[in-house]
Amino acid sequence: MKLPRFYPIFDSSDWLRLALPLGVKLVQIRIKDQAPARLLGELALCHELCREHGATLVVNDHWREAIDLGCDFLHLGQEDLDVADLPAIRRAGLRLGISTHDHAELDRALALRPDYIALGPVWPTILKKMKWEKQGLDRVREWRKLVGQTPLIAIGGVTPERALEAFAAGADVASAVTDITLNPDPKGRIREWLTATR
Numbered sequence: 001m002k003l004p005r006f007y008p009i010f011d012s013s014d015w016l017r018l019a020l021p022l023g024v025k026l027v028q029i030r031i032k033d034q035a036p037a038r039l040l041g042e043l044a045l046c047h048e049l050c051r052e053h054g055a056t057l058v059v060n061d062h063w064r065e066a067i068d069l070g071c072d073f074l075h076l077g078q079e080d081l082d083v084a085d086l087p088a089i090r091r092a093g094l095r096l097g098i099s100t101h102d103h104a105e106l107d108r109a110l111a112l113r114p115d116y117i118a119l120g121p122v123w124p125t126i127l128k129k130m131k132w133e134k135q136g137l138d139r140v141r142e143w144r145k146l147v148g149q150t151p152l153i154a155i156g157g158v159t160p161e162r163a164l165e166a167f168a169a170g171a172d173v174a175s176a177v178t179d180i181t182l183n184p185d186p187k188g189r190i191r192e193w194l195t196a197t198r
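What the sequence shown shows, in UniProt numbering, is residues 1 to 198, in sequence order.
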């Protein structure tokens with residue numbers, strides 16, 4: 001499966017309204033700590049926006065809602081795997097991406113035959129505190145060999161310039177969060193990303 005090479009992650013439909021008209025074709029919605037009714041409404045809106053723009057929406061964590069809404073793609077972290085109903089997810093036809101940080105997590109993820117493997121943080125990140133400070137490009141090269149044909153996503157501290165380094169090391173896709181959301185000109189930054197990853 002071939003994925004677009006640029007994969008931003010956002011926490012609200014407002015960001016999708018900004019990014020999708022610019023040409024973003026793969027986007028993750030990552031919403032934490034929201035009331036169930038509001039969460040479902042926001043995910044439904046994101047799903048509709050992506051359909052309108054011919055983009056693929058990846059729902060982070062909320063597998064029940066993704067199934068209920070008829071979404072196409074789900075992303076699960078390692079903790080999410082502990083509680084998710086993987087047979088139900090597969091029965092619903094959801095494609096699945098999984099976060100990995102070390103060899104044990106990679107083995108677990110590959111056993112589930114995911115539609116992509118994410119590795120991070122490749123560079124130091126301010127998004128969240130992790131015990132893995134920086135995986136580095138050597139780890140990207142190693143993961144490339146280990147994941148075979150499964151698409152490999154580099155995340156964590158990635159910029160348009162670093163994305164090219166990650167691609168050279170074997171990543172198929174580069175993901176960004178704060179490089180866009182904390183940028184004083186997020187629209188301009190998204191355009192830079194799209195140019196760099198064409």
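Read the hints as simulated data drawn from the structure, not as lab findings.
Each hint should be verified, as a subset may be incorrect.
Listed below are the simulated DSS-like cross-link pairs for lysine-lysine, each with C-alpha atoms no more than 25 Å apart in a straight line [claimed, not checked]:
{"#": "1", "residue 1": "LYS32", "residue 2": "LYS187"}
{"#": "2", "residue 1": "LYS134", "residue 2": "LYS32"}
{"#": "3", "residue 1": "LYS2", "residue 2": "LYS32"}
{"#": "4", "residue 1": "LYS187", "residue 2": "LYS25"}
{"#": "5", "residue 1": "LYS145", "residue 2": "LYS2"}
Hints versus structure:
Among the hinted pairs, LYS32 with LYS187 is consistent with the structure: their alpha-carbon atoms are about 24 Å apart, no more than 25 Å. Proposed proximity of LYS134 and LYS32 is supported: the alpha carbons are some 24 Å apart, at most 25 Å. For a cut-off of 25 Å, the pair hint linking LYS2 to LYS32 is broken: about 28 Å separates their Cα positions. Of the supplied pair hints, the one linking LYS187 and LYS25 holds, its CA atoms being roughly 15 Å apart against a limit of 25 Å.
Under the criterion of a C-alpha separation no larger than 25 Å, the hint pairing LYS145 with LYS2 is consistent with the structure, at around 17 Å.
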